[in-house]
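Student: The lines below spell out each chain.
Protein chains: 2
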Amino acid sequence: MKRVKLIISYDGTAYAGWQLQPKQPTIEGKLNKALSELLEEEIAVIGASRTDSGVHALGNVAVFDTERSMSAEKICNAVNQRLPKDIRVQESYEVAPDFHPRRVLSKKTYEYRILNRKIAIPTERLYCHHVYYPLEVSLMQEAAGYLIGEHDFRSFCSIKTKAGDTVRIIYGLEVSKEGDIIKITITGNGFLYNMVRIITGTLMKVGRGTYAPESMRDMLDGCNRGLAGPTAPPNGLTLMKIEF
Amino acid sequence: MKRVKLIISYDGTAYAGWQLQPKQPTIEGKLNKALSELLEEEIAVIGASRTDSGVHALGNVAVFDTERSMSAEKICNAVNQRLPKDIRVQESYEVAPDFHPRRVLSKKTYEYRILNRKIAIPTERLYCHHVYYPLEVSLMQEAAGYLIGEHDFRSFCSIKTKAGDTVRIIYGLEVSKEGDIIKITITGNGFLYNMVRIITGTLMKVGRGTYAPESMRDMLDGCNRGLAGPTAPPNGLTLMKIEF
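Residue numbers (my numbering), protein chains in the order written: chain A, 25 to 268; chain B, 25 to 268.
Only chain A is shown next, with the shape it has when bound in the complex (with noise of 0.2 Å):
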């Protein structure tokens, strides 16, 4: 037996999320299902990150264990060919058997891309979140240093969250903005329930003069998730990559 590591890029539009549910088509579900014929045994990946519904991704990780002799970078190709075109294995590989994408330290980096621009643009708005009043982008990026380092992150999380401990350190906040698009580049030590796009969500509340930049200090203190922005939708996201 060996366990396999895939990395995972897809197109979230068509999807009710990485999880496995019921009735309605995941990414999980389709990996497991292509794999499970490829290799002819049943299949279930463990995945790194439960991406919500309609998240993008360019390098979510899951592994699997598999009985087969197939060498394992040849997974990569042979379940491409069985899976949707929204979904596409970049590289697959063999690791340790006790190698476990959730228990293990990791750093995430997620990428939210805002159109930002009276008019929408139709090839962009499957990846982007419209925008259509100016967002004021130095206000953004002198919010976002407040958020960067470790801190209690209870106000940016979903209260829907399981989490206990709500303390997460974000290694790096970056806004930038080429063209129309504004970028939100983060990466830290774990990501709470919709905090990512709770997170930008209030970024834009501050590129529109709402809250002044300095009030992200009184949201962190607040532990509160009524002292923050709304949840952006999930559309503008994509899981970049996730370092072991």
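If you are wondering where the hints come from, they were derived from the structure by calculation, not from laboratory data.
Heads up, the list lumps identical chains together, so a pair's fine if it works in one copy or across two of them.
Straight-line alpha carbon distances no greater than 27 Å define the calculated DSSO-like cross-link-like pairs of lysine-lysine that follow:
#1 K265 x K131
#2 K109 x K229
#3 K142 x K26
#4 K57 x K142
#5 K109 x K201
#6 K109 x K207
#7 K29 x K142
#8 K207 x K265
#9 K142 x K131
#10 K201 x K265
#11 K142 x K265
#12 K265 x K26
#13 K131 x K186
#14 K98 x K142
#15 K265 x K184
#16 K142 x K54
#17 K109 x K142
#18 K186 x K47
#19 K47 x K57
#20 K26 x K131
For this one, chain A is given, so just place chain B on it according to the hints.
Tutor: For chain B alone, coordinates are given in the frame of chain A:
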């Protein structure tokens, strides 16, 4: 009565092209319906460029006549409320009543995007053509140079063309690479049926080493569709702008 000009962007994925079809959804059909409902009179737009099924646009152009008093500038936002999300009017304004977008001189710019890497990226699949084998951009750039200027492009147009005169001017043809994406940007005084996609398919063959860059000269001279490369698929192509 006034004539109104529209600048239109769309995601061509779900459409059978620009031109009205009896049973399939088209951009022209959706615009006529939305404008007719908004203005409560029968509207028939005249398009500048009848893009193919699956081809996208940032700045296609159309005009129509209306008896209504609604200001031409206001039509843009009003009609967007009635259009599907994959079509967005970017601007609307009044033009001279005899302005016909296919009967005046114009300069059109198209962009073709190729994703050049071993494995496709799902979030790029609708707007890039995926090529898994390596393409040598410098060879494509060299070949592109031969096509710039006034030439008979008969070898680079579909045999289904109805054009008698196949001489066109290409003002600019640039091949550039950023990350895994190769962009072909082409500006000309008009393009024959499938011309941009056949030029792209031919440059791809050059980039793979099948044709030498200087073979472009023989292709132009031969005036025979059989001499050029295949027609690249529509999803990589976007009509960027039209200047009159």
